[in-house]
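2 protein chains.
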Amino acid sequence: MRHATLWLAPLTALAIGLAQPALAAPTTSAGPVLFDPAGLKAMAADAARYPLFAEEVARTRKMVDAAIKAGIDVPVPKDPGGGFTHEQHKRNYMALYGAGMLYRITGDVKYAHFARDMLLQYAKLYPTLGPHPAANREEAAGRLFWQSLNDSVWLVYGIQGYDAIRDTLSPQDRKNIDDNVFRRMATFLSTGRPEVFNLIHNHATWACAGVGMTGYVLHDQNFVDMALKGTDKSGKSGFLRQIDLLFSPDGYYTEGPYYERYAIQPFLVFARAIDENDPGRHIFQYRDGVLLKAIRTTIQLTYDGYFFPLNDALLDKSLRTAELYQAVATGYAETHDPALLSIAKWQGRTALTPDGLEVARDLAAGKAKPFPYASALFRDGPEGKQGGIAVMRSDAGDTGEVLVAKNTAMGMGHGHFDKLSWILYDDGHPIVTDYGAARFLNVESKEGGRYLEENETWAKQTVAHNTLVVNETSDFDADWHAGQKVAPTQIYFSGDRPTKVSTAEMAGAWPGVTFRRTLVQLPVAGNARPLIVDLLRVHGDKPATYDLPLHYSGHIVDLGFKLQSHVTNRPVLGKANGYQHIWVDGTAPLDAGNARMTWLTDGRFYTYRMLPPAGAEVILGQIGANDANFNLRREPLLIERVTGAKDATFVAVLEPHGAYDPSAETVVGDKSNLAAIRHVRTADADLVTIDFVSGGSVTLAIADSADADAGHHASLDGRALDWTGHFARFDTGVTP
Amino acid sequence: MRHATLWLAPLTALAIGLAQPALAAPTTSAGPVLFDPAGLKAMAADAARYPLFAEEVARTRKMVDAAIKAGIDVPVPKDPGGGFTHEQHKRNYMALYGAGMLYRITGDVKYAHFARDMLLQYAKLYPTLGPHPAANREEAAGRLFWQSLNDSVWLVYGIQGYDAIRDTLSPQDRKNIDDNVFRRMATFLSTGRPEVFNLIHNHATWACAGVGMTGYVLHDQNFVDMALKGTDKSGKSGFLRQIDLLFSPDGYYTEGPYYERYAIQPFLVFARAIDENDPGRHIFQYRDGVLLKAIRTTIQLTYDGYFFPLNDALLDKSLRTAELYQAVATGYAETHDPALLSIAKWQGRTALTPDGLEVARDLAAGKAKPFPYASALFRDGPEGKQGGIAVMRSDAGDTGEVLVAKNTAMGMGHGHFDKLSWILYDDGHPIVTDYGAARFLNVESKEGGRYLEENETWAKQTVAHNTLVVNETSDFDADWHAGQKVAPTQIYFSGDRPTKVSTAEMAGAWPGVTFRRTLVQLPVAGNARPLIVDLLRVHGDKPATYDLPLHYSGHIVDLGFKLQSHVTNRPVLGKANGYQHIWVDGTAPLDAGNARMTWLTDGRFYTYRMLPPAGAEVILGQIGANDANFNLRREPLLIERVTGAKDATFVAVLEPHGAYDPSAETVVGDKSNLAAIRHVRTADADLVTIDFVSGGSVTLAIADSADADAGHHASLDGRALDWTGHFARFDTGVTP
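These protein sequences, in sequence, are chains A and B.
Per this note's numbering, residue 1 is the first one in the first sequence, and the count goes up by one each step.
Per this note's numbering, residue 1 is the first one in the second sequence, and the count goes up by one each step.
Simulated from the structure, these hints should not be mistaken for laboratory data.
Beta carbons: idealized from backbone N, C-alpha and C, even for Gly.
Treat the hints with care, since some could be wrong.
[Claimed, not checked] Here chain B is said to cover these stretches of chain A; the calculated rule only asks that three of the stretch's residues, wherever they fall, bring their Cβ under 8 angstroms from a Cβ of chain B:
{"no.": "1", "stretch": "313-326"}
{"no.": "2", "stretch": "445-452"}
{"no.": "3", "stretch": "566-579"}
[What the hints assert, rightly or not] Covered by chain A, per the in silico footprint, the following chain B stretches (three or more residues, Cβ under 8 angstroms):
{"no.": "4", "stretch": "435-442"}
{"no.": "5", "stretch": "560-570"}
{"no.": "6", "stretch": "630-639"}
{"no.": "7", "stretch": "657-663"}
{"no.": "8", "stretch": "666-674"}
Build the full structure now, drawing on both the sequences and the hints.
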């Protein structure tokens, strides 16, 4: 009843046409505060001048005009993700944001009126709302949406739309909307949900961004201070602390690429607002400019525009996403880095802001430069000491061969139990894959669009990744809170020479188990693409079963081993920890002579050749067992298995070779050019030798020590090998 | 030994440098005969002028220059498809053809010399060859290749290259190559392989084209006559008879789209040569211009540039293929149809001939018009009376919704047992699929690149298609010779109104069984894409099990029925006829209320809703059982099954709906808008009614008779329905 009274008051005032001067704070302006007047003026003046921006205006006009035509619909919240009320409130904040920006651009008051009228309806509805009826136990309930995260997103968009039209309102309407929509919402999302707001987590970033911007727009410093420093304003939480703890010094965001993409919008949008209203904070220079680094790092963690699907991630998520249009525009306005223009060009979109206008203007002026995709280590952890992602690229383009070693820390609740896993891309395709998340975003029939149960039972589990599994259990027993406490150590990385190397070590993922993995991207004369060399050494304190899965994308064309196949009755590999989801196609004992499999992916052959530990077997399988609801994609995998060993060394080479051209009907190089892999353990190093069918060999010497100055000596095939530092490569008679 | 003597003679003559005037026929020119001098002159003059042609010259130069640099290699034949000698002889004919054309274009004698020197090596090798060592029993052995078909292709390319440089040769070289390469090859492929040459089959077309063009180049009328009318010159076989029997009046080629693509090259190339040398034959006007129709029909039978994968077909085969570059160029030179230019543009390629120059010239001049993809019936059979392919398109583009009803005759040995099957495309994707062929073309480890055993055990079988299966056996008991004798009847087709309809009937595919199928592409107000309505009525003379499989591409998001799942031990559906390759995921009893499945393909939802016959059940499964060699793709299928019925009517609607946008993270319309399907059988017709959730209904009235003037009457829901002709549609209160 208190709420009802509140929203009736202004309406009554409006009805009787009385001015209520007390409603408008006399010392503050009602005008836009999130962008400077000059920028807004330029945006309005040149909106039609540059194609990318003009298209954005046209697109937004179409969307908002349709919303105006359809009539305002602010339904009582009811449905979960994907349901009507969920989608309608999403449409509303987009329309509100769009209407505000269009009003600034076109000056057409119909947009301001539409935004006002919609917000007046929210001013009626919002005060009446309690917790959302479709809320669940895992996520904090919102009011408009099933989880408060979506309410925060509403606020981030809504406050920007509101800022753009607030100066057009009557004082009564302004106070009504200030009080009954934005102040209430910001209050709910801060002091009303401190358990979210004070997290060091992207959900809190969205909340802080919404609340903080509301503070600027409503000239309410309390909201700004809480947003920056937490509800207690101690600085132990809040936006600044989030920047401190959620990013590494390299701009890597702890939850991984997919969530970095998601989190970057509130970080950048709020930073932009801070920069506008509190320029003395130099927020873009904060922590050595980490927010601007984060934009570039987010882009680096993509292939052909799609995010590396590490941790909880949807495979179809690319740089073409609202968060990144904003981030790229803001980043460009701050840095004028021409490489960001080529990203905007690929996106084909930009933000409907003064920053977006700059992007469109400079793109039209031909200032774009190719984005320099790099072989680099992106360290994880606030101090960069919790492992990292090692990206090794065959070239500076985004469709070459890219090897990604995932040596990061847990990454909180969306992290996967995938310590020291890897993936590989080539020729525009995933080759060695990561399942990503088990989720159909916003598809209501799939658990309301939320993460599926199979995200826990399969996608997060270690066996769903390309890394060591001990005794059919996952890292940290699949407890992310435990995983949060220990991170891998990145022993070595080299990305600036043709041969690229990453070595990392993990201890504590299983009690008593330590493993170390070196992944090498190895160009060899005569091979169109570099080979991938994988050396994984595990030490355990008691005998165990070690599995090394390989998830590949392609069609098997040749097997070196003779498979004992289950062709008429397909068993399941295990009972739990993801193994319950694996159908077994067949198994075979492995030896050094037979341990290879060749598959075809689009136009190229890939041979995975193992040097198996003694007694190893191979299991070929497919995902999809115990999946009555068809929640999983039916993808193939290979598992190399050793049982009863304390120590084991897995060596493998993945060799891209040949070409299959369906247009020309030609095939070349469908046979592997590897004759053998050999491995020798010396006193302080591993030697991996690859012998080629066409003659010659390459030996990789990998020392235990990462000391760049330490000398090492070994002898192989009667030849002395001497090198300094962690890694060396010795070529013998390799001919193109 | 006879061969050895023969090839020694010219060498000896060469060695002693004697002129041998008797070798050159005094009354014939050595100059090019396959293209007219004016065309060749224009091609040389303007080669660099038009981008498409200039790129073709550059590409060919690169290929031929590399071949020249690598040195001539004419190996003794040894390997099967994909192996070195196979690929080298393929490379040789391409290089030979390219060198000839480049010589004509550039005048650079190095190309003529290269072609000459390579042919002189063939002149040494060829006479020594017997049957190819890798030949198998199924295909006629070649000499250079494992099957004589490839030898024919060699000759088709080789003779064109030779024609272009023949006037540069010394009389001795010319006679040597004439006699020891081309005359021998043409002799071998005609009188030496009459069992192929006299077939009415694409293998014979390639042979006739090679032999006939050799006849023109060598001025040997005997070869020309045999090529046109068979080895006995009776006209019962040979090229003209092939045109008569292999094409329907609509230009449909009996083996289907994939083989039409393949066969069209020798048809067009030889026709072009005939037109040049025997213009009085008016070969392009022959049979009402069927060869030119065939070009357009080949293009019509594609989606997004890829051939409908009916019969034996590889999914990755598109219009970007050498055969079609030639065909489009020749077709354009004959017709100047600007729609063919847009195809050349999509191909990005053209022929290196005077015809290709015309294409490049007119494309550069901006004369291209969009190719008018049509809703049309392409009749099968020499007289158009053996069924056909009914293509129903939502629009004239090539990425809309396309429904294809495959009501053709057998199509010889590459035909599938798929009577009255259908496929569907939408938004650039296959939605309801055809497996195509089980083959990895030229991939040696997959049975030498030949058709796999699974092509017989799976891909050709009826259950691998979207059509009726009786008692788990295939049409004609999977005997194509039997299938060749009976064809479906296309009862009705209407493609020129918004609602598109195909009705066909098949009798004799199983003893005592007749079935009739109507497929309708049904636009409905408010639905972005037309619905597909499927009515299949079967009558058998004894109780049987009727299966109706649906092969779909997408991920299941919702099931109307409660599946009894085999989630921990996956059984195989059957023992033979393709059923041995189906894993069973689960089964469920069906009723009118629950019989629906929704899947997601890229950005759209598809709901398949059945009106099941009494007692029907559904089986969900996946391909891949009894496939120890991983020869099959692991794709999903649904089977609707009725047991113990003589007569059954299957009614189903496939409804594309909604949108999933991963960039914008929005989902709309993920729920079906169908409330129910109803079916009523009247005295002489079927009524199928679709009731919509949003209100209203559409009733399709499908009369047994195809008589366009026959009147029909029925009553439904107390309302009288009267219509004339086979098909009518009654909308009631359907609102957008």
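* Asked: Looking back at the hints listed earlier, which ones does the structure fail to meet?
  -> Those not satisfied: there are none.
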